[in-house]
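So the sequence lines, in the order shown, correspond to chains A and B.
Residue 140 in our numbering sits at position 140 of the first sequence, with consecutive numbering throughout.
Residue 1036 in our numbering sits at position 36 of the second sequence, with consecutive numbering throughout.
Treat the hints loosely; a few may be bogus.
Unchecked claim - Only pairs whose alpha carbons sit at most 27 Å apart, straight line, appear in this in silico DSS-like list of lysine-lysine:
(1) A/8 x B/1008
(2) B/1075 x B/1105
(3) A/75 x A/50
(4) B/1025 x B/1050
(5) B/1105 x B/1008
(6) B/1105 x B/1135
(7) B/1075 x B/1085
(8) B/1209 x A/75
(9) B/1075 x B/1025
(10) A/50 x B/1008
(11) A/105 x B/1121
(12) A/209 x B/1075
(13) A/209 x B/1050
(14) A/121 x B/1105
(15) B/1209 x A/8
(16) A/105 x A/75
(17) B/1050 x A/8
(18) B/1025 x B/1085
(19) B/1209 x A/50
(20) A/209 x B/1008
(21) B/1050 x B/1075
(22) A/85 x B/1209
To be verified - Computed spacing ranges between beta-carbons, pair by pair:
(23) A/63 x B/1069: 53 to 63 Å
(24) A/85 x B/1069: 41 to 51 Å
(25) A/141 x B/1182: 44 to 54 Å
If you're looking for bench data, these hints aren't it; they were derived computationally from the structure.
Computed from a predicted model, the values in this text were never measured in an experiment.
For glycine and all other residues, C-beta sits at the position ideal for the given N, C-alpha and C.
2 protein chains.
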Amino acid sequence: MKSQYIPKATIQRLALYVQVLEEFKRDGVEIVSSERLANSCSVNPSQIRKDLAYFGEFGVRGVGYYVNDLIDSVKRSLGIDRVWKAVLVGVGNLGRALLNHNEFKRRGFHIVAAFDCDPFKIGEEVSGLEVMCSKRLREFSQDIEIGIITTPPDRAQRAANHLIDAGIAGILNFAPTRITAPDNVFVEYVDFFHHIYSLAFNITLSQNKESGN
Amino acid sequence: MKSQYIPKATIQRLALYVQVLEEFKRDGVEIVSSERLANSCSVNPSQIRKDLAYFGEFGVRGVGYYVNDLIDSVKRSLGIDRVWKAVLVGVGNLGRALLNHNEFKRRGFHIVAAFDCDPFKIGEEVSGLEVMCSKRLREFSQDIEIGIITTPPDRAQRAANHLIDAGIAGILNFAPTRITAPDNVFVEYVDFFHHIYSLAFNITLSQNKESGN
Chain A
1 MKSQYIPKAT IQRLALYVQV LEEFKRDGVE IVSSERLANS CSVNPSQIRK
51 DLAYFGEFGV RGVGYYVNDL IDSVKRSLGI DRVWKAVLVG VGNLGRALLN
101 HNEFKRRGFH IVAAFDCDPF KIGEEVSGLE VMCSKRLREF SQDIEIGIIT
151 TPPDRAQRAA NHLIDAGIAG ILNFAPTRIT APDNVFVEYV DFFHHIYSLA
201 FNITLSQNKE SGN
Chain B
1001 MKSQYIPKAT IQRLALYVQV LEEFKRDGVE IVSSERLANS CSVNPSQIRK
1051 DLAYFGEFGV RGVGYYVNDL IDSVKRSLGI DRVWKAVLVG VGNLGRALLN
1101 HNEFKRRGFH IVAAFDCDPF KIGEEVSGLE VMCSKRLREF SQDIEIGIIT
1151 TPPDRAQRAA NHLIDAGIAG ILNFAPTRIT APDNVFVEYV DFFHHIYSLA
1201 FNITLSQNKE SGN
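Next up, chain A with everything else stripped away, as it sits in the complex (with noise of 0.2 Å):
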């Protein structure tokens, strides 16, 4: 890697190029323009010019990337081409609809135990795994890089107290609420709200332009 500090915008274009590039793989593409592969993406060609320049050389002039090379130099650059061990806390409807999730294994993650503290949950067998009490994550502390909590959001600060007693890396948060960390555990959120707000926003924008308001 040629530089330590990727802006986090980088990072989150290259896991969509990282996407967009297997779908051009199960289409058959072996080389992509520049061009198409910044179309599909939905941003300039020197964008990712520029997001790849931190990683290395990419792409031949006048012909374009290589979709296999491209892919696993991404992989590789974003540390996704090994398998990752996950655990998920919060065993909800949204949390078992994560644990039957294939694309999770398909892609490296592999969640590899669930928890909750509700005592009528704990024993039940989700997607091939027992729910255990959350306690018991400890347990798992030798295994378990990331954690995802799925929790309500009241009960998403205790779940990420367990997860960062068993000396989780980082924590992937679907509940709609802010979580405290210490500075070496990474926490990534996942909000539908803002997506969802954002959208009701530019509609109601175009709405008021159309109107003339």
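Following the hints, complete the assembly by docking chain B onto the known chain A.
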């Protein structure tokens, strides 16, 4: 509203401010300093002031923001001070979880119909809604503004086409794939994998730093 062009990042942060402000409200906080609000949102106070300035003048020097007033103003600015009618296409695990997710209704987004093309799902009742064939989407065209896609990736474009035919104004796409839509239809992507890739990448970087690579 003072200005028509609002950066996308500002809109996303406004959505975050609303969420954090609503937590303050729930905790009985009536006035919050810009420092405390900024801290809870992990941004700096000048960013908040700059973002809010697009919509008018808020806050009282030396006092801070009145929580209730600011929630109302930001919601009005974002167009989320009213009920939005939505439909969902794709009644799999994730679709079911979202249909049962009471935060949507609580925040003013009412899912009024659910669609799936699987004949075994059609007629089934999920969260009080009868699952209908996607072809029937047009019957709802007078009524709906937002379409939520929770199909597998290879069916997302078809779902989008049905929604676009029904005259939808915006699409919230949970399927991990890009979709194409005309310019007057807004599309937002909720992609867990962008976030989990970011986590993996940040963990990898910090592990490399620790081991001196």
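Structure-based check of each hint:
| no. | hint | verdict |
| --- | --- | --- |
| 1 | A/8 x B/1008 | 15 Å, holds |
| 2 | B/1075 x B/1105 | 15 Å, holds |
| 3 | A/75 x A/50 | 17 Å, holds |
| 4 | B/1025 x B/1050 | 23 Å, holds |
| 5 | B/1105 x B/1008 | 24 Å, holds |
| 6 | B/1105 x B/1135 | 25 Å, holds |
| 7 | B/1075 x B/1085 | 17 Å, holds |
| 8 | B/1209 x A/75 | 19 Å, holds |
| 9 | B/1075 x B/1025 | 14 Å, holds |
| 10 | A/50 x B/1008 | 21 Å, holds |
| 11 | A/105 x B/1121 | 26 Å, holds |
| 12 | A/209 x B/1075 | 19 Å, holds |
| 13 | A/209 x B/1050 | 24 Å, holds |
| 14 | A/121 x B/1105 | 26 Å, holds |
| 15 | B/1209 x A/8 | 18 Å, holds |
| 16 | A/105 x A/75 | 15 Å, holds |
| 17 | B/1050 x A/8 | 21 Å, holds |
| 18 | B/1025 x B/1085 | 26 Å, holds |
| 19 | B/1209 x A/50 | 24 Å, holds |
| 20 | A/209 x B/1008 | 18 Å, holds |
| 21 | B/1050 x B/1075 | 17 Å, holds |
| 22 | A/85 x B/1209 | 21 Å, holds |
| 23 | A/63 x B/1069: 53 to 63 Å | 58 Å, holds |
| 24 | A/85 x B/1069: 41 to 51 Å | 46 Å, holds |
| 25 | A/141 x B/1182: 44 to 54 Å | 51 Å, holds |
In summary, the structure agrees with every hint in the numbered list given earlier.
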